[in-house]
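**Student:** Protein sequence lines, in the order shown, are assigned to chains A and B.
Under the working numbering, think of the first position of the first sequence as 652, with each following residue one higher.
Under the working numbering, think of the first position of the second sequence as 652, with each following residue one higher.
By construction, these hints were calculated from the structure, which means they are not laboratory data.
Bear in mind the structure is a predicted one, so any value in this text is a computation, not a measurement.
Restricting the straight-line Cα-Cα distance to at most 25 Å, the calculated cross-link-like pairs of lysine-lysine (DSS-like) are:
id	chain 1	residue 1	chain 2	residue 2
1	A	Lys824	A	Lys671
2	B	Lys735	A	Lys1079
3	A	Lys735	B	Lys1079
4	B	Lys730	B	Lys823
5	B	Lys824	B	Lys671
6	B	Lys735	B	Lys689
There are 2 protein chains.
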Amino acid sequence: MTTSPGVPEPSAELLQLAVKVRRAAMALGQSNDDQRRKALLAMATSLLSCSEQIVTANRQDLERARAEGLAPALLARLKLDEAKLVSAIEGVRQLAQLPDPLGQLQLHRELDQGLVLERITVPLGVLGVIFEARPDAVIQIASLAIRSGNGAILKGGSEANCTNEAIMEALKKGLSATEVDFNALALLTTRKESIALLRLDGLVDLIIPRGSNELVRFIQDNTRIPVLGHADGICHLYVDASVDLEQALQIAIDSKTQYPAACNAIETLLIHQSIAPSFLAIAIPAFRQAGVRLVGDSASRALGVVEVASEEDWATEYLDLILSVRVVPDMDAALDHIRSYGSRHTEAIVSNDKKTAEYFLRSVDSAGVYHNCSTRFADGFRYGFGAEVGISTQTLPPRGPVGLEGLVTYRYRLRGEGHIVADYANGKSIFSHRDLPL
Amino acid sequence: MTTSPGVPEPSAELLQLAVKVRRAAMALGQSNDDQRRKALLAMATSLLSCSEQIVTANRQDLERARAEGLAPALLARLKLDEAKLVSAIEGVRQLAQLPDPLGQLQLHRELDQGLVLERITVPLGVLGVIFEARPDAVIQIASLAIRSGNGAILKGGSEANCTNEAIMEALKKGLSATEVDFNALALLTTRKESIALLRLDGLVDLIIPRGSNELVRFIQDNTRIPVLGHADGICHLYVDASVDLEQALQIAIDSKTQYPAACNAIETLLIHQSIAPSFLAIAIPAFRQAGVRLVGDSASRALGVVEVASEEDWATEYLDLILSVRVVPDMDAALDHIRSYGSRHTEAIVSNDKKTAEYFLRSVDSAGVYHNCSTRFADGFRYGFGAEVGISTQTLPPRGPVGLEGLVTYRYRLRGEGHIVADYANGKSIFSHRDLPL
Chain A
652 MTTSPGVPEP
662 SAELLQLAVK
672 VRRAAMALGQ
682 SNDDQRRKAL
692 LAMATSLLSC
702 SEQIVTANRQ
712 DLERARAEGL
722 APALLARLKL
732 DEAKLVSAIE
742 GVRQLAQLPD
752 PLGQLQLHRE
762 LDQGLVLERI
772 TVPLGVLGVI
782 FEARPDAVIQ
792 IASLAIRSGN
802 GAILKGGSEA
812 NCTNEAIMEA
822 LKKGLSATEV
832 DFNALALLTT
842 RKESIALLRL
852 DGLVDLIIPR
862 GSNELVRFIQ
872 DNTRIPVLGH
882 ADGICHLYVD
892 ASVDLEQALQ
902 IAIDSKTQYP
912 AACNAIETLL
922 IHQSIAPSFL
932 AIAIPAFRQA
942 GVRLVGDSAS
952 RALGVVEVAS
962 EEDWATEYLD
972 LILSVRVVPD
982 MDAALDHIRS
992 YGSRHTEAIV
1002 SNDKKTAEYF
1012 LRSVDSAGVY
1022 HNCSTRFADG
1032 FRYGFGAEVG
1042 ISTQTLPPRG
1052 PVGLEGLVTY
1062 RYRLRGEGHI
1072 VADYANGKSI
1082 FSHRDLPL
Chain B
652 MTTSPGVPEP
662 SAELLQLAVK
672 VRRAAMALGQ
682 SNDDQRRKAL
692 LAMATSLLSC
702 SEQIVTANRQ
712 DLERARAEGL
722 APALLARLKL
732 DEAKLVSAIE
742 GVRQLAQLPD
752 PLGQLQLHRE
762 LDQGLVLERI
772 TVPLGVLGVI
782 FEARPDAVIQ
792 IASLAIRSGN
802 GAILKGGSEA
812 NCTNEAIMEA
822 LKKGLSATEV
832 DFNALALLTT
842 RKESIALLRL
852 DGLVDLIIPR
862 GSNELVRFIQ
872 DNTRIPVLGH
882 ADGICHLYVD
892 ASVDLEQALQ
902 IAIDSKTQYP
912 AACNAIETLL
922 IHQSIAPSFL
932 AIAIPAFRQA
942 GVRLVGDSAS
952 RALGVVEVAS
962 EEDWATEYLD
972 LILSVRVVPD
982 MDAALDHIRS
992 YGSRHTEAIV
1002 SNDKKTAEYF
1012 LRSVDSAGVY
1022 HNCSTRFADG
1032 FRYGFGAEVG
1042 ISTQTLPPRG
1052 PVGLEGLVTY
1062 RYRLRGEGHI
1072 VADYANGKSI
1082 FSHRDLPL
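Throw the hints in and build the complete structure from the sequences for me.
**Tutor:** In structure tokens form, the structure reads like this:
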């Protein structure tokens, strides 16, 4: 961070709030599994009993957003109806049942007699989460934070302000009946505050930005706090020469249309030239029926795709019912395309040839690489993590869907009986390095 | 990174070199355990047969550095005599014997019948390592990189240029007889190149800076590549009210003097007021005899410490035979001091009271927290990691001494039989989330 004029100093109010969250988080970090489990169940119960207020608040947000002409894909994210809320609450309950991510002994080693090393999981501290106008994210993030012993300062897209405030009120109400201090959670509602959050080094331990590439870049460039690199999902499906056409089509349709606003939906379809004529013959009408607009390279246009894909299309995350299509001479060309335009999120191959599939799985360096299934499975809930705080496209862990495990760190503890290093340097003692039971 | 005038664009030569390293690293990433193991043994053998040239080159570096008036602590780091070299070579051999960090199955889960998720460790890619004038680091870093399947571009302190070049030549000579491409390793020798390294996003996956806080900050502020946050080691030893005086003294002496130039040496001694008179009565002469200059607060000066510790002293990493001393009213004051001035590297308590010790272990949020042993144990080799690429003082993993395990990441692989998400959304299928054997 070189002091950028765009990043204001935190206000006294923001600092006070951050200190309050941090204090509550320090206490939370010392809480036990049962206390945090109960806190989550109380949050879930409170959300349920406040569901009418939450859904009503969401309707207000939706009305305003529609009046302001928000794009359909964004409206879909913003919408929180009864069904989506119930499913989010169910997610909180499931999270309560997952094993405690804290206090896990990851390493237990005798270095020498009486000198024992442990590595044990501990919370990160306070998370700063800046996310899109998608109110179920507040529920997911808050419950992941509490379950993992972290405080959280949340800033959602302003289009969802009413919904987010209603949700946060319900969550705090739920926590107030538990041993977890409700001050461990805080919601920011103005953009100025969310930017000043970037200056809270020492009070916030991890920034989790969810949203456009530009947002993530801006944040990475303007903070010294570590950033969880969730960026665009430019996901690819490669249809190999040897496929079950019907299976390939189903996977393609699901990967694109099951929830096009999600980052794990595909944006580009790569098709081996030998299968392209027969695959596109069934895919073009199927996509048309599903309301998907296809844009293609010249080879795919020769096979019936009408619109032209520009260079920009290959690098675009549509988050909408648009799909770019390219016919490739072989898998290496597909791998090259993915390397050039992909965002290392999730890539899939459909193929009946196991060897080809394994080569693809080995060669693609994305957080998720799939064979014969939809890219839409790239999700913490579907992976069995209970929920996710985001999907990281960076190389370093945590990578892919980040659940509880990605929100903890560890600490080494060494207990001795007067051991000093000089004894090992002069040969008086030697290390045993004997692993002990975990 | 906002384009800083201090960071030049990489030259064509540097780009070519980085591409070469990257290509070699991609091939290395596909190599098996045995190939990488043999590569390390060949590196060790070659280092041994070139040891005369290496030690001679080091003598040249030392002479020049002495003439230029390099501080004694830095000269100690720069020196690479026969004994230090042999021990470094032994480290390479030990690393070869450690379990393969790649291809480890970390998660293996059936999401549904025929839909199986794996999480498997893979290399990061290419490491960019900028480090102090300490030539044994070249050996450690290069062997950690190759063992973990990563390429590495290294830039050591220019005082060690002759030694580093001799070492790199030996390493490449060793690799040239193996299946690992010696281009996976490269040494930069000018400062301009090392700065331009920060611009190699997409070619370098992790920057590991070792050196002053200023260097680490500068790098963090001027690159989009993730940075492993190795910063100052301002380590503390707290001598509790109830201690074995002789044990406490031995630990204090070892923590300060066993190798004062190391980041895990203590810089500050905190002493409970009730034990301070008797402890300082034996500690002051012992430190004097060990050549350690003590600077203290008023309470410790009243007990015999002569020189004054300024506010700045508490925040200084001396890396030398100087120790700041403070008498504290109780452990909470010690914890406060550590929170205010520590760098979250390694802190230790000497205490006969187990409860007090456990409270300290729980409350101090440093990468390492120790009881009744020297802080000098904070080291990858002593932890049994074979070696370390550095000690991370950041909160997120990898934290503490970073060995092989900290140099790999993972990838999710999902294999299905035509599975689509729509079936789970509409209730036709449900997830089993059944863990399979690892």
